[in-house]
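Asker: Working from the sequences, and respecting the hints, build out all of it.
Protein chains in written order, with our numbering: chain A, 1 to 110; chain B, 1 to 119.
I should point out that these hints are in silico values taken from the structure, not numbers from a laboratory. Note that this is a predicted model, so its numbers are computed, not measured. Beta carbons: idealized from backbone N, C-alpha and C, even for Gly. It is possible that part of the hints are untrue.
As the list claims (entries may be wrong) - Pairwise CB distance ranges (calculated):
(1) Asp51(A) with Val11(B): 34 to 44 Å
(2) Gly55(B) with Ala12(A): 39 to 49 Å
(3) Val2(B) with Thr17(A): 25 to 35 Å
(4) Gly44(B) with Thr17(A): 37 to 47 Å
(5) Val11(B) with Thr94(A): 13 to 23 Å
(6) Ala13(A) with Thr69(B): 32 to 42 Å
(7) Lys106(A) with Arg67(B): 23 to 33 Å
(8) Gln1(B) with Ala12(A): 18 to 28 Å
(9) Ser9(A) with Lys76(B): 25 to 35 Å
(10) Lys58(B) with Gly78(A): 37 to 47 Å
Claimed, not checked - Pairs of lysine-lysine residues, derived as DSS-like cross-links and limited to a Cα-Cα distance of at most 27 Å, are as follows:
(11) Lys65(B) with Lys76(B)
(12) Lys57(B) with Lys46(A)
(13) Lys46(A) with Lys106(A)
(14) Lys106(A) with Lys43(B)
(15) Lys76(B) with Lys46(A)
(16) Lys46(A) with Lys43(B)
(17) Lys76(B) with Lys58(B)
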Amino acid sequence: QSVLTQPPSVSAAPGQTVTISCSGISSNIENDYISWYQQLPGTAPKLLIYDNNQRPSGIPDRFSGSKSGTSATLGISGLQTGDEADYYCGTWDTSLNAGSFGGGTKLTVL
Amino acid sequence: QVQLVESGGGVVQPGRSLRLSCAASGFTFSSNGMHWVRQAPGKGLEWVAVVWYDGSKKYYADSVKGRFTISRDNSKNTLYLQIDSLRAEDTAVYYCARHVGGGSKWENWGQGTLVTVSS
Chain A
1 QSVLTQPPSV
11 SAAPGQTVTI
21 SCSGISSNIE
31 NDYISWYQQL
41 PGTAPKLLIY
51 DNNQRPSGIP
61 DRFSGSKSGT
71 SATLGISGLQ
81 TGDEADYYCG
91 TWDTSLNAGS
101 FGGGTKLTVL
Chain B
1 QVQLVESGGG
11 VVQPGRSLRL
21 SCAASGFTFS
31 SNGMHWVRQA
41 PGKGLEWVAV
51 VWYDGSKKYY
61 ADSVKGRFTI
71 SRDNSKNTLY
81 LQIDSLRAED
91 TAVYYCARHV
101 GGGSKWENWG
111 QGTLVTVSS
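Answerer: See below:
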């Protein structure tokens, strides 16, 4: 099954912009969509970005997604203390019929 | 609005079985694939299994294949996960999630149910 790799942690000051990377090792990642999830402490994951760069309704445009080849990036601008959370990338591998998630990245807003 | 409510978790001895349920409301349950995703204490998300919207296809993570069985009852708007031969490493919060569209869009998640495997 696919393996997605994320940095364990990132940090930035309020108001700044941070990016979180998600790298895949399967060539199938090139053909599949990446989604991103925010998990606040003690809560269930919440969809932030789907299909590489689409935001569900209600998600502010401070959150953005992009993908190139086997790598994807989540961007968060205008950081707020409320953005402190764990962030996960995920994908549904259509050739393996299996899902996978990155190991998660803990965002600290200094 | 969409609601997913898991139940059935608890403390179970190694080797025993457990069945988790996920009650769905607020959408046409029979139109969406449904997944189970788990999260061990202090760890990341791990995809577990999926069942197609009509129950015709089921796929599992290699780590649970042969011990876990996913199923659904569209007449009851309920998703299930049967877990057999429980192991300590199955200790986790189990989430059900609604898949929307053909990409990787787990749009809605339940609040999770905790399974603790311990003697």
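Asker: If a hint holds in the structure, say so; if it does not, say that too.
Answerer: Checked hints:
no.	hint	verdict
1	Asp51(A) with Val11(B): 34 to 44 Å	40 Å, holds
2	Gly55(B) with Ala12(A): 39 to 49 Å	45 Å, holds
3	Val2(B) with Thr17(A): 25 to 35 Å	31 Å, holds
4	Gly44(B) with Thr17(A): 37 to 47 Å	24 Å, violated
5	Val11(B) with Thr94(A): 13 to 23 Å	38 Å, violated
6	Ala13(A) with Thr69(B): 32 to 42 Å	48 Å, violated
7	Lys106(A) with Arg67(B): 23 to 33 Å	31 Å, holds
8	Gln1(B) with Ala12(A): 18 to 28 Å	33 Å, violated
9	Ser9(A) with Lys76(B): 25 to 35 Å	42 Å, violated
10	Lys58(B) with Gly78(A): 37 to 47 Å	42 Å, holds
11	Lys65(B) with Lys76(B)	26 Å, holds
12	Lys57(B) with Lys46(A)	26 Å, holds
13	Lys46(A) with Lys106(A)	15 Å, holds
14	Lys106(A) with Lys43(B)	11 Å, holds
15	Lys76(B) with Lys46(A)	25 Å, holds
16	Lys46(A) with Lys43(B)	17 Å, holds
17	Lys76(B) with Lys58(B)	19 Å, holds
Of the hints listed earlier, those the structure fails to meet are numbers 4, 5, 6, 8 and 9, in rising order.
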